[in-house]
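Number of protein chains: 2
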Amino acid sequence: MKSFKKIFSTKSKSSHSPESSFKIGGMGSLKVLDVTPSPEEDSEKLKKAFQGLGTDEEGIIEILGHRDASQRKKIRETYQKLYNESLIDAIHSELSGDFRKAVILWTYDPSERDARLANEALNSKKRGIKNLEIIVEMSCASSPQHLAAVRQAYCSLFDCSLEEDIVASVSSMPLKKILLGLVASFRYDKELVDMDVANLEADRLHEAIKTKELVHDDVVFILSTRNFYQLRATFDCYQKKHGNSIDKDIMKLGKGDLESLLKMVILCIDTPEKHFAEVIGTSIIGLGTDEDSLTRGIVTRAEIDMMKIRGEYMNIYKSSLDDAVIGDTSGDYRRFLVTLLGGKI
Amino acid sequence: MKSFKKIFSTKSKSSHSPESSFKIGGMGSLKVLDVTPSPEEDSEKLKKAFQGLGTDEEGIIEILGHRDASQRKKIRETYQKLYNESLIDAIHSELSGDFRKAVILWTYDPSERDARLANEALNSKKRGIKNLEIIVEMSCASSPQHLAAVRQAYCSLFDCSLEEDIVASVSSMPLKKILLGLVASFRYDKELVDMDVANLEADRLHEAIKTKELVHDDVVFILSTRNFYQLRATFDCYQKKHGNSIDKDIMKLGKGDLESLLKMVILCIDTPEKHFAEVIGTSIIGLGTDEDSLTRGIVTRAEIDMMKIRGEYMNIYKSSLDDAVIGDTSGDYRRFLVTLLGGKI
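So the sequences go chain by chain: A and B. Here this note's numbering is used: the first residue of the first sequence is 1, the next is one more, and so on. Here this note's numbering is used: the first residue of the second sequence is 1, the next is one more, and so on.
Simulated from the structure, these hints should not be mistaken for lab results. Think of the CB as a built atom: it goes at the ideal place given N, C-alpha and C, for glycine as much as any other residue. Check each hint, because a few of them may be wrong.
If you anchor each label on the Cβ, the simulated ranges turn out as follows [claimed, not checked]:
id, chain 1, residue 1, chain 2, residue 2, range
1, A, GLU85, B, LEU157, 41 to 51 Å
2, B, ASN123, A, ASN123, 39 to 49 Å
3, A, LYS190, B, SER93, 25 to 35 Å
Please take these sequences and the hints and turn them into a complete structure.
Structure, rendered in structure tokens:
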């Protein structure tokens, strides 16, 4: 790793938008009311929706589906105080199926939500790369602050660190090494690009791919330490200097788990909206629907970059994301997802 | 890394105290008043102490030397609001020498303080292990929350991540690998020990030492991922099964930088109070005083475990830490350090 230069503050602009892609509210689809009822009012309405003979699912969607993360946090706290009962438990006992899963994930604090999703993925009997998506997403398509909060939530919830569970659950050494590097990152989060470093590290990555050393310390260091803007410049550089995009060159080495994981990492860093458009597209297209992935894609990005994902979806699939969701889901589950997408049914 | 077991919640007690050693206030020497003046009053008194012909150093010590981290934070914020001037800048322009350095370090938020100390260490012309102490201390003798806050502060202050600066500044590959692993950690922070894991990993460490593979991925994983209680049990196990303490076995391989760094890591994890007693002792004993180390030792631990450090100092040096500090310093610097030690001069 001797060749790594220090990035000085030569604030050269990359072609990417200067505002952080992950700022909540910036490019999200969630519609929050201009004047929101107090957490007490919301809690009372939720309590009423849970009570009585039938549950008022529409009422629940109307409230929670139009509140942002900080508002939902206040509702959770207030509900607990008012009724001495956890809002999550109440939802769990009143709703069911995919609708319940989606509302619960949406109601958790985002850090607890991702910690639980990661834990579920690591303990799942389903193996393979698809299952590890959430870990890549929270490391490569989220803010460093969010990742740190997820790691803290993981420790609180599961009595060990996320890294310990990765080592215990992922049997492939190369995958383990990459995932450990990624989840341990705390990247610089502003736009700061050094083109010399981009050049140098594009070459280093190219060399590693040429010699098939995909988990060389240098590769892990570059992917898990450099800031997202710097990495995008490095990937641009790679394509300009070496002809192909870096993920294409990696996939030429094989279509195994390691190559697929690295492709996912690069996509999440380079164009998270494309990754999530594909998560949602893949969950819908073909026989049957993968509700867990569909829910994860929409619930985790509705407050972040769903507007961009919608555009990318159109680019990739030449059809509307919203229509696809409506066509492939039904009932309250559909109504809830459409609400998070900013629509009405 | 295949052999690592998952640690299940078999809450076996280790011999260590169950309360976190790093809880602020628990074993600190700092004396905070029962009834503290408001941040406004404190700010006004500080402003007065700075004004006029001479600076009122005693007044400054009397206030800041008796406020904990959260109180100092409020004073910083209030001072800024009242006088449109940073408290740190004011201290910088009114005080001088080692006294100034100590008061400024004490006044910073602990995360900013350690980020600045780490940055200074990485940019220092002084080379060698001694210089890297602060990085080991914040990774191995602090809470995971504090380490995450330091990494965030580092990004905000220096326009790159701590890891990027470690890679750019530390030229030795093995040292770099260990430091990167340590600073990236987010350990589980409660007392949870699995004796099977301790046994297994004590053997793995022993094997790595025997084969001189001190920076094997397994070693870095164990030292930078396991919780402090688990690691202490592993070190105990090592000594029981293999005769010597692990740091002794490491030092048998040589007295180079790598061995010394690992020894420091183990000491900081196993008995941080012993590490800091030695930091303070070494800074005082012999010709001249190393004021920077002395200040760091006292300022960073006065709110954490100075009572334990004092005891360890007596064990090691058969003399009083407080007497040593008084004997080796003078003037306002002495008065300030003694105040943080809970004494009066």
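Here's how the hints hold up against the structure:
At roughly 44 Å, the beta carbons of GLU85 (chain A) and LEU157 (chain B) sit within the given window of 41 to 51 Å. For ASN123 (chain B) paired with ASN123 (chain A), a C-beta distance near 44 Å keeps the hint of 39 to 49 Å intact. Range check, LYS190 (chain A) to SER93 (chain B): about 30 Å between beta-carbon atoms, so the 25 to 35 Å window is met.
In this structure, every one of the numbered hints holds.
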